[in-house]
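Assemble chain B onto chain A, guided by the hints.
2 protein chains.
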Amino acid sequence: MPHRLQHTVTVSSEAPANAQLNSTTAYPPTPPTDHRTLAQVHNLFITSPFSPGSPLILPNGAYVFQKLQSFLRAQYPQFGFHEVITPIIYKKSLWEKSGHWENYAEDMFSVQGRGATGQKEKAQVGEDEEFGLKPMNCPGHCLLFRDEIKSYRDLPIRYADFSALHRNEVSGSLTGLTRVRRFHQDDAHIFCRPDQILPEIEQTLKFVGMVYNTFGLGPYKLLLSTRPKDSFIGTIEEWDRAEQQLSTALDSIGSEWAINEGDGAFYGPKIDIILKDSNGKEHQTATIQLDFQLPQRFDLQYQASPEELEARTQTAMEAGLEPSLRRPVMIHRAIYGSIERFMALLIEHYAGKYPFWLSPRPATILSLNADVKVQAHIERVKAVLSGLQAPDAPISTSPSSPKPLPLSTIHLPIDVDTSDRSLGKKVAEARSKKYNHMIVVGGKEAENNAVNLKIMSQPNKAATIRVLEAALGRKVTETEISKGVTLPLDVARRYFENLANGFL
Amino acid sequence: MPHRLQHTVTVSSEAPANAQLNSTTAYPPTPPTDHRTLAQVHNLFITSPFSPGSPLILPNGAYVFQKLQSFLRAQYPQFGFHEVITPIIYKKSLWEKSGHWENYAEDMFSVQGRGATGQKEKAQVGEDEEFGLKPMNCPGHCLLFRDEIKSYRDLPIRYADFSALHRNEVSGSLTGLTRVRRFHQDDAHIFCRPDQILPEIEQTLKFVGMVYNTFGLGPYKLLLSTRPKDSFIGTIEEWDRAEQQLSTALDSIGSEWAINEGDGAFYGPKIDIILKDSNGKEHQTATIQLDFQLPQRFDLQYQASPEELEARTQTAMEAGLEPSLRRPVMIHRAIYGSIERFMALLIEHYAGKYPFWLSPRPATILSLNADVKVQAHIERVKAVLSGLQAPDAPISTSPSSPKPLPLSTIHLPIDVDTSDRSLGKKVAEARSKKYNHMIVVGGKEAENNAVNLKIMSQPNKAATIRVLEAALGRKVTETEISKGVTLPLDVARRYFENLANGFL
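Protein chains in written order, with our numbering: chain A, 697 to 1200; chain B, 697 to 1200.
Be aware that one or more of the hints could be misleading.
[What the hints assert, rightly or not] DSBU-like mimics (lysine-lysine), calculated; alpha carbons at most 35 Å apart, straight line:
1. Lys1129/A x Lys846/B
2. Lys763/A x Lys1049/B
3. Lys846/B x Lys1150/A
4. Lys1099/A x Lys1130/B
5. Lys846/A x Lys1049/B
6. Lys1150/A x Lys1099/B
7. Lys846/B x Lys1099/A
8. Lys977/A x Lys1099/B
9. Lys763/B x Lys1130/A
10. Lys846/A x Lys1078/B
11. Lys788/B x Lys763/A
12. Lys763/A x Lys763/B
13. Lys1121/B x Lys846/A
14. Lys1099/A x Lys1157/B
15. Lys846/B x Lys763/A
16. Lys1099/A x Lys977/B
17. Lys787/A x Lys793/B
18. Lys1078/A x Lys846/B
19. Lys1099/A x Lys1078/B
20. Lys763/A x Lys902/B
21. Lys763/B x Lys788/A
22. Lys763/A x Lys787/B
23. Lys1130/B x Lys846/A
[Claimed, not checked] Far from chain A, some chain B residues (derived; all Cβ distances over 10 Å):
24. Asp730
25. Ser951
26. Asp1067
27. Ile1161
[Claimed, not checked] Between beta-carbon pairs, the in silico distance windows are:
28. Thr733/A x Arg993/B: 26 to 36 Å
29. Asn1065/A x Asn1144/B: 52 to 62 Å
30. Gln765/B x Glu1003/A: 40 to 50 Å
No lab work stands behind these hints, which were simulated from the structure alone.
What you are looking at is a predicted structure, and each value in this text was computed from that prediction instead of being measured.
Every residue gets a Cβ at the ideal spot worked out from N, C-alpha and C, and that includes glycine.
Chain A on its own, in the form it takes in the complex:
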């Protein structure tokens, strides 16, 4: 049950050893523009008094949100995660079993059928039960695990879940995407045998590194929180073994890490990832938590392996189980943490200058004039660059039956400005909206089935130019970079596809 730490944590002022490629660390420490201000400029989300703490995410923001979600989804197969879809409300009895009703009461919303409160005349028996709006996914995943009897060979089982979660923060503290009542975690639970803890933690730490590297985030440091002094469950031996596995995994990753003595949860030790943003502020994002408690509360079990049977490894956690059964260990992990909060961090990190693959404004097409041929070419350029039409497709005459586009198509939200304002004005607006590319189309481009493309706002410009040159099959000149390069339409589309696939 990973808790969201919503505050910035300060752990150490030392320069971290695992500094990654991150051009932004060289910036002077100017205060960043708040993500709420940037959200207004770029139409990312709004808030409403009708649902405090539940941001309403506009199309641009939803585009970024979904890229973040799809990015992890695309990586889940290589790390063995399977996505599941679980309920949003559970009866009070589940939360009592999990311990949330007792220990997490203030942060939960309770739910009742309106008929149950007397407003409905013929309420059925049992209707009058109270539900809790879920603040975490773990109890639901335990129910899934319990559904079929598991063998040691089935483990590890890794469930991922992007469900909406609700926590009842006081209304005075709610802030943009960072302190909210409704949010989504990139949540996952790994159910494994004790001997699988080490490789699972190692893989998870690699996953974290891969993700942060893709976003150009870092440096980050790792904190191991150990057994609390007074209240903890399980034996000291179990804790020692678990902590040892975590520290071995941390050593094997080769990143800087530190011990946060006695700061583990009462149900197990954990690793927190502390990320430094471009302004030097530290954020707790990812978390990896071992949990010995929920498997007991939900009576999770698996058929022991021959080695486990041989070694008679049953411990206190397994009291009452048949000799052939063991309890799995549960690992809670999130890489972004809350997607909303991670998005806020990225909004400030990129300050509107998103990389192409993540950008809600990857390109805009500006018309040079209102000529009919130019207008027609712009339609085609938009359709091809956005991925709706193949570059070699015959000029469409608006077909009467639409065809489904393959799921693998890279769709890009390409904008168009064919207003009759001056090119200068259109360029100025495109610049202020931080489009990654500006595409100018006039008579020459219409004639040659080409576009004139200029890279405007791209975080990693050198790598971007290399992708452009690869698509074009030649070097581009300084003048082309500053004034715009002319590309055949199919080459422009390929360049866009390669940028997206390269996470640039």
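Here is chain B on its own, set in the frame of chain A:
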């Protein structure tokens, strides 16, 4: 506010005129296996007494669910829909404004912070407010529309939303995925000018046809529900004009349609789509509803076009608005309807024999023996066919830093059976699990970097064989089809990609 009709509706026994390609209509009318039974066999979902009516969707079911969602997402750009993410809970005051609190009370769940009920000592002022768990997305979309002043040029605006919705059905009536309390619609709302109703309805009907055709569903018929006799809002002229636009759109589509006199909602006329399944049972799935009421309740407005200003078109709906402003019309539309219910329909329609692109079991690899080279080749075949490794990548030696996979990668959940059971037993199991393909790997395949592939369970076999032949560059023989065809590994992957992209 499209209502989910959860019952099968019977509208007419005539043979519909728009019979589509659908081999299943020729089947003898054997009763279908219930989707709950099939769900157990194929591990699609479970239910739990801890959350009646909220199915817990297992990895296989979540895979199908997400394909359905991704399929529509991939089509949204060509139909101009933009996805948004909106809250799950809203204050009672919103539901009062929308009319749900009064008219939809019994079907709603109410939500309260647990602190608000006295369990929290220092509850802030205002904490004690009641929320409603949303049964529909429309009010939230009205809030989004209202955020910025819209011009006639901005319209139509089309918001799509896959949010979880809750409706408090009585517990005795809950059934699998068809009668539930928690579900997801492929919901969208189009805000448009009155003169845009016709093209929007036409496009929506084309979208419906394209989607159902892709799933091999049909025939379906269209029902236009008109102005109720007694209680309706707006003027008779407004209704007549709206109904006329709907019937013009229905005519232009060329499908059979009928009038359901007086069965419209009080807020506007609607078109319902009635789909006949492979067993002749009729289901109400898609719906398109015009709504004149919510735009008034939420005071939605846009700056009128010069033509509208000229024509002084303000009507009763626009009473109180400045002369330069108009109210948009709202169109509620869903194509699947409830994704859960549509999934249940597909589960029974395909009876486990899913098309490859939608199948949670597209292929399984069976080992011929336990030879080390064979086992190594199987690892590679699995990685390449599932999309985790390029066919021309060097043999991996488990790289220490994983690389992110592009979002456009087609991932396929390929299974492996390297148990030491006889091939016959492994084949029998693969057959019972209805894998689309069975792939056998032995020494010969390992040596030639090839696979032996057999099409086992594929709805459209003729088209599938054409894709196979295209990938292979030659005809395949009857013997190859019945015994299995040997393919180079890269050709097998290309064949899989083409099946997925072709919705086969």
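Now the hints, each set against the structure:
The suggested pairing of lysine 1129/A with lysine 846/B holds, with an alpha-carbon distance near 19 Å, which does not exceed 35 Å. Between the alpha carbons of lysine 763/A and lysine 1049/B the distance comes to roughly 31 Å, so the proposed pair stays at or under 35 Å and holds. About 31 Å separates the Cα atoms of lysine 846/B and lysine 1150/A, which keeps this hinted pair within 35 Å; it holds. Distance hint between lysine 1099/A and lysine 1130/B is fulfilled; the C-alpha atoms sit about 29 Å from each other, no more than 35 Å.
In summary, the hint linking lysine 846/A to lysine 1049/B is supported, as the alpha carbons are separated by about 27 Å, within the 35 Å threshold. For the proposed pair lysine 1150/A and lysine 1099/B, the alpha carbon gap of about 29 Å is at most 35 Å, so the pair holds. The suggested pairing of lysine 846/B with lysine 1099/A holds, with an alpha-carbon distance near 31 Å, which does not exceed 35 Å. The hinted pair formed by lysine 977/A and lysine 1099/B meets the criterion: a straight-line CA distance of about 28 Å does not exceed 35 Å.
The hinted pair formed by lysine 763/B and lysine 1130/A meets the criterion: a straight-line CA distance of about 33 Å does not exceed 35 Å. For the hint pairing lysine 846/A with lysine 1078/B, the CA-to-CA distance comes to about 24 Å; that is within 35 Å, so the pair holds. A threshold of 35 Å between alpha carbons decides the hint, and for lysine 788/B with lysine 763/A the separation of about 33 Å falls inside it, so the pair holds. With a CA separation close to 16 Å, the supplied pair lysine 763/A and lysine 763/B stays within the 35 Å bound.
A hinted pair counts as satisfied when its Cα atoms are at most 35 Å apart, and lysine 1121/B with lysine 846/A qualifies at roughly 22 Å. A threshold of 35 Å between alpha carbons decides the hint, and for lysine 1099/A with lysine 1157/B the separation of about 21 Å falls inside it, so the pair holds. Note on lysine 846/B and lysine 763/A: the hinted pairing holds, with a Cα-Cα distance of about 27 Å set against a maximum of 35 Å. Proposed proximity of lysine 1099/A and lysine 977/B is supported: the alpha carbons are some 28 Å apart, at most 35 Å.
Proposed proximity of lysine 787/A and lysine 793/B is supported: the alpha carbons are some 29 Å apart, at most 35 Å. Between lysine 1078/A and lysine 846/B the CA atoms are separated by roughly 24 Å; this keeps the pair inside 35 Å, and the hint holds. Between lysine 1099/A and lysine 1078/B the CA atoms are separated by roughly 31 Å; this keeps the pair inside 35 Å, and the hint holds. For the suggested pair lysine 763/A and lysine 902/B, the alpha carbons sit about 28 Å apart, so the restraint of at most 35 Å is met.
Annotation: proposed proximity of lysine 763/B to lysine 788/A holds, straight-line Cα distance about 33 Å (limit 35 Å). Restraint check for lysine 763/A and lysine 787/B: satisfied, since their Cα atoms lie roughly 30 Å apart, inside the 35 Å limit. For the suggested pair lysine 1130/B and lysine 846/A, the alpha carbons sit about 23 Å apart, so the restraint of at most 35 Å is met. Non-interface status of aspartate 730/B relative to chain A is upheld: no Cβ of that chain comes within 10 Å, the nearest being about 19 Å off.
Against the 10 Å criterion, serine 951/B stays outside the reach of chain A, whose nearest CB is about 12 Å from its own CB. Every CB of chain A is more than 10 Å from the CB of aspartate 1067/B (nearest about 21 Å), matching its label as outside the interface. With a closest Cβ-Cβ approach of about 20 Å to chain A, isoleucine 1161/B is found to remain outside the 10 Å limit, as its non-interface label requires. Threonine 733/A and arginine 993/B have their C-beta atoms about 32 Å apart, which keeps the hinted 26 to 36 Å range intact.
Distance hint for asparagine 1065/A and asparagine 1144/B: a CB-CB separation of about 60 Å, consistent with the stated range 52 to 62 Å. The hint said 40 to 50 Å for the Cβ distance between glutamine 765/B and glutamate 1003/A, and at roughly 42 Å that hint holds.
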